[in-house]
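Chemist: If you read the protein sequences in the order shown, they are chains R and W.
The first sequence begins at 1 in the working numbering and counts up by one.
The second sequence begins at 1001 in the working numbering and counts up by one.
If you are wondering where the hints come from, they were derived from the structure by calculation, not from laboratory data.
Some clues are possibly wrong.
Restraint ranges, calculated between C-beta atoms of paired labels, are given here [stated by the list, open to error]:
hint, chain 1, residue 1, chain 2, residue 2, range
1, W, M1272, R, E30, 47 to 57 Å
2, R, P15, W, T1096, 42 to 52 Å
3, W, E1353, R, S206, 30 to 40 Å
All C-beta atoms in this analysis are idealised placements derived from N, C-alpha and C, irrespective of residue type, glycine included.
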Amino acid sequence: MEKLVIDAKGMHYTPLNKQIRQAVAAGVKEIEINNVLGQRFIANGLRGDVKITINGIPGGDLCMFMNGPECTVHGDCEHAPGNTMDGGMIIVHGSAGDAVAHSMRGGKVYVRNNIGYRGGIHMKEYESKKPMLVIGGTSHAFLGEYMAGGLILVLGMGSQPLMEDRGIGSGIHGGEIVIRGNVSDRLLGVGAIKTEFTESDLKRLSPVIEDFCSRFDIDPVPLMDTNYTRIVPSSSRPFAGKYTWE
Amino acid sequence: MYLQKQFLVVNMCGIIGVIDRGRSGMDGSGIKEALSLMNERGSGEGAGYVAYGIYPDYPDYYALHVFYDNLVEPKKKVDDLLEKWGRIVQQEEIPTYEQPGLRKKHIPWRYFYKPHKDLVVGSSTPEDDLVKTLVMDINSRIDGALVFSSGINMGVFKAAGWPEDVADFYRIQDYKGYIWLAHNRYPTNTPGWWGGAHPFNLLDWSVVHNGEITSYGTNRQYVESNGYKCTMFTDTEVVAYLFDILGRRHGLSEDLVVKALAPPFWDEIDAMPERQRKIDHAMRLTYGAAQMNGPFAIVVATSQGIVGFTDRIKLRPLVVAENGNKLYISSEEAAIRVMDPAVQNIRMPRAGEPVIGRVIV
């Protein structure tokens, strides 16, 4: 099946998504969307085996509820790409706004540069479903807020210091946040603690780092050491006594 | 405190502001397109624009924009009051053009006005004080009249409707300003009406705001105890008055005003070097009642520049970009790119960090 090319200039997201869904239903495996500017909800709820390339700046909630497709963005994203995503992949050759990957349930979100506030908020995992958010640059505050599962990895390329924003893992009760370099204790949110990043952690995460780097043509070798900080919940139920007493 | 969930709320509102620091005029067509791009953030119940530098023929006169319910009783009362305290050099209906999607509920009128400043004593800004008192007086006492814009060489254009309808209703492309702010409203706590659309203005201050000021009660008490009257039935109004008190009357710089309204947390203040710690400590104690809580992203304009900032835990979006003399502040990057595809230095400021663009000529 031939590649479908859509010119989205001035197009509303409803006809755009209709066109995408019809194409996927007809068996199209590759879609290129040009002149995207601010259209929200692109590939919303989309299922299937298709590669989508977006040239431009998609609006909020890119690939919300999506399960399966791989979506590459050549440009920045606004708020919440990967919102409640179920499976598949988003690759952003740029930066993204607030609440990236929020409530994500499965799949991968890769952002080459930086993200805004509350990245990975409410991310969760269940059995084999383990969502991943990988950030090439750095993140603003409240990264992994209320996180319940999955992995957030911040590689800190090009930013010094690597993380400056507060509230990391505020309310975290599952999953892990891994940040390149050392993270100051004062940046940890309520319920989050630091643990050592070991050789076995590196071995476990090496494939993720390598995959991320291969997508953006980055040399992974300088990232392959244990100079990371691992942030996890202080207990499995850090807020057991917060609203009720047992 | 961290429990507020920006990702669940439906009220969002779209804001955008631009300044040409070299004071080159821009017509309103670009900002109309930018604001319309964010229509998902509005509900068609309020939109508005403000532009600075649009009345070069009246560079020393207050341009009073008034919504009249009719041109008989309320207008007679306003005319009498204005003539008592100053001189009307020109007045006319603001030109409007019927739009199928917008119901004309008020008659927008404008005056070019010079107050008699020798009627006020004991003020370093007697003309501003007189106009402010007149605005408060008209808005709280004269039924059927609402002054929604009262600065010099600037003007607000707003109504209940979608951004493009409001823009075409006033034909904002016919005005050239070196600063523009625009707002697309999604009213949540109070009904949408013409006076409740943004921008809110008093004297030289104009405000557009996305979010909700949950400290409104405290802030309202503070501004009312300083002689302001809240008449617009919505929270944003207090921001204009707070800037007038802190910026004009107390003489604070823009970044200090922002520090008073969205201060650092106490633990951050405790970690500061001594001098800075003392300043921030004093600011919080002095301006506790001016501090704003709740989710917000705000852009404020004066004839001298614009300042954008968000609440302290960043519950609303704000993007900044530049191109030469132009500085843009908006809810969405795409809106900026519609106005200016060649923008550079796109970034997201930190929570509570003021982004300031001042005129350079």
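Chemist: None of the hints should be skipped; say for each whether it holds.
Modeler: Tested hints:
1. W:M1272 x R:E30: 47 to 57 Å: Since the Cβ atoms of W:M1272 and R:E30 sit about 54 Å apart, the hinted range of 47 to 57 Å holds.
2. R:P15 x W:T1096: 42 to 52 Å: Taking Cβ atoms as reference, R:P15 and W:T1096 lie about 33 Å apart, which means the hint is violated.
3. W:E1353 x R:S206: 30 to 40 Å: 37 Å, holds
Consistency with the previously given hints fails for number 2 only.
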